[in-house]
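So the sequence lines, in the order shown, correspond to chains F and U. Residues 1 to 384 (the working numbering) are what the first sequence spells out, left to right. Residues 385 to 674 (the working numbering) are what the second sequence spells out, left to right.
There's no promise every hint is true.
Stated by the list, open to error - One-sided and incomplete, this derived list gives chain U residues near chain F with beta-carbon spacing under 10 Å:
#1 Ala493
#2 Leu549
#3 Asn552
#4 Phe609
Source of the hints: derived by calculation from the structure; they are not laboratory data. For glycine and all other residues, C-beta sits at the position ideal for the given N, C-alpha and C.
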Amino acid sequence: MTHSPSGGSPVAARPTRPQPRGADLLDSDDGVLPRLARYFAKPGRTTHAVMAVALVAGALWAAFGGPFISLIGQSCAVFAVAAVGQSILLGSAGQIALSGGAFMAIGAFTTGLLNGTALEPFPVPLLVSLLVGWVVGLIAGLPGLRFRGLYLLLASLALQFMVIALARNYQAENAPAGVIVPLPELGGLDLSVGTPLYLMLLTVLLIVYFGSWLVERTGIGLAWRAIRESEVAAAVSGVDVTRWKLYAFAASGAITSLAGSLFAYVIGRADYVSFDMALSIALITMIFIGGIRSRLGALTGAVIITALPYILQNYLSPVLAGIGLGADWYVNNQSQVNAGLFSLLFLLVVLFEPDGVEGLLLKAERVLRRRVSGLTSRLSGGTT
Amino acid sequence: MNVLAQAVEGSLVTGCIYGLLGMGFALLFRASKVLSFCQGGFMLLGAFIFYELQTSSQQPLLVSVLVTTLVVGAFSGVVYLVVFARVASRHAFATSVATIGLAGVLQAAVALRYGTAPLTLPEVSSTAFHVAGAVIPMADLIAVCLAVLTVVALVALLRFTPLGLRMNAVADNASLSEHLGVSAARVAAIAWALAGAAAAIAGVAFSLRSSVDPVGVANIGLFAFPAIILGGMDSVGGALLGGIILGTIQNAVQVTFGARWIDLVSFAIMLVILLIRPSGLFGKTEVVRL
């Protein structure tokens with residue numbers, strides 16, 4: 001990646017300080033068009049612009065496109081928050097953990113258990129979930145200090161099963177149908193359904209997105225990326241690997257837990273069944289399918305994976321009827337088909353296209369760039 | 385009927401099933417440094433193919449077991465060659481992660497074909513033996529015999545045949561054995577086939593004594609992880625012992641606290657072992673530390 005962060009506190013002083021990102025854009029006195037041209041001259045920026053425009057267009061569509069689209073938008077926003085949380089750990093710090101579902105469960109159950117206490121009023125449970133997620137994330141990071149890779153994956157698997165077992169046991173004793181979550185309400189405004197709910201989710205997503213963007217612009221983000229590339233090299237360069245790795249786990253846990261709290265608000269209850277292994281896998285799939293290297297990729301992946309079942313539900317039935325499976329086949333077997341489909345996507349993306357959609361777009365952009373530069377050099381007489 | 389003796393019997397049988405799965409994990413891990421998350425998927429496949437053979441085509445028991453083992457073993461090997469081989473040699477870790485996806489695909493396929501409701505095989509035989517106060521049904525005896533036979537066969541294969549020698553060589557030092565003319569890719573494919581076969585036998589053993597449903601059986605594959613971590617990831621014999629220890633602990637938890645604490649305790653044990661002794665009881669110490 002070509003991020004050049006502007007601060008460098010946790011990292012040893014570097015001899016030369018690179019230009020902050022976008023400095024070329026701000027310093028020049030030219031007109032708008034040349035500036036834009038220069039901005040998009042850098043490889044990768046076109047791809048990111050395309051992804052950002054698509055996401056914003058989708059978000060606006062969900063805001064004004066009627067109740068069904070709004071419903072899809074709500075799920076997308078919740079899982080986008082979770083994906084941002086997971087991408088801090090997987091994309092930035094390079095630690096793969098299969099405990100996203102567990103952290104979402106922690107957030108959801110925290111929200112449910114605060115029901116009836118002094119901390120019940122709406123935005124407070126979100127903050128408490130954030131805090132609880134941070135603490136559990138720190139604890140979950142402890143195995144990550146001793147080892148990475150396979151052993152870390154197994155440790156996170158253990159965490160996932162333990163959290164779900166605890167939630168299941170709690171539920172079996174106290175609330176068989178799930179822990180009820182109160183309706184979100186802010187200053188007399190009902191945020192529990194429709195556009196207000198969607199806008200609330202979107203606001204949280206934007207705060208989380210730009211918050212993590214700001215954090216990763218600083219030396220913290222640089223430290224995480226250094227750890228991702230090589231822990232040994234990072235340690236040699238003066239990065240406190242232990243500390244920043246733990247913070248990556250904590251930050252990821254906090255944001256994923258926040259997403260769980262939002263999820264509970266959308267559904268109206270916290271039920272352990274929603275947060276099983278399949279969810280953890282789906283979250284990781286989002287990161288891989290969107291593009292593991294960027295937050296924008298995580299958002300894209302979250303939207304793709306969340307919206308896909310709805311799209312299939314709408315458009316697959318005629319196709320299925322055509323091949324003789326019956327139009328209701330998908331609806332009847334939805335959970336199995338989705339699980340199988342996501343698993344297959346996950347398998348293919350991890351093995352063959354680890355940079356996901358972003359990687360494909362970047363490849364397309366490179367091809368396009370070569371074509372365009374070939375064309376311009378031919379137009380100008382082949383002198384350049 | 386003696387409760388303790390019965391609990392011991394139950395622990396042994398559960399342990400053998402975990403052990404069978406665990407041996408597959410260990411074989412794969414030794415051959416390709418890939419930790420397969422889809423052993424549960426192959427076990428599921430084995431259980432349902434066996435179910436199909438026993439119920440709708442009414443094959444004799446032995447034929448069913450053999451056919452199931454061969455089919456799943458071959459399938460596992462082919463899946464490795466077609467899907468994983470190209471990537472596995474370079475990125476063992478990415479392949480391990482990708483096997484999680486394969487497990488999901490297999491589980492969904494079986495769930496689509498057979499539904500998610502538990503299916504029960506007709507009883508193999510109503511004969512039961514009484515040993516030291518415990519009742520041992522025929523099905524349990526067959527399950528344990530299958531496990532023991534498989535372990536003996538695999539250990540003998542590793543110890544006494546040229547193929548076993550090659551597998552040990554690759555496990556010990558893959559690049560050196562490549563230089564000495566051993567095809568690590570072929571060894572890995574064979575290891576996948578053997579692991580698939582072992583998982584299929586575990587599936588058969590499981591379906592003999594309990595009803596099978598896609599989610600439950602696939603979860604057994606994940607529950608074998610505490611067993612292999614206990615035994616050590618690269619020890620074939622350790623996997624069986626780890627399985628039996630885990631089975632014993634689970635039975636003890638079930639008797640004292642109730643069945644719903646089993647998951648929690650099993651995975652807590654796994655986490656503790658990972659923290660204090662990641663190589664397990666019999667494994668080689670080979671953990672990346674800073």
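Inset, instruction - May I ask which of the numbered hints given earlier this structure violates, with the numbers listed in increasing order? - result: Numbers 2, 3, in rising order.
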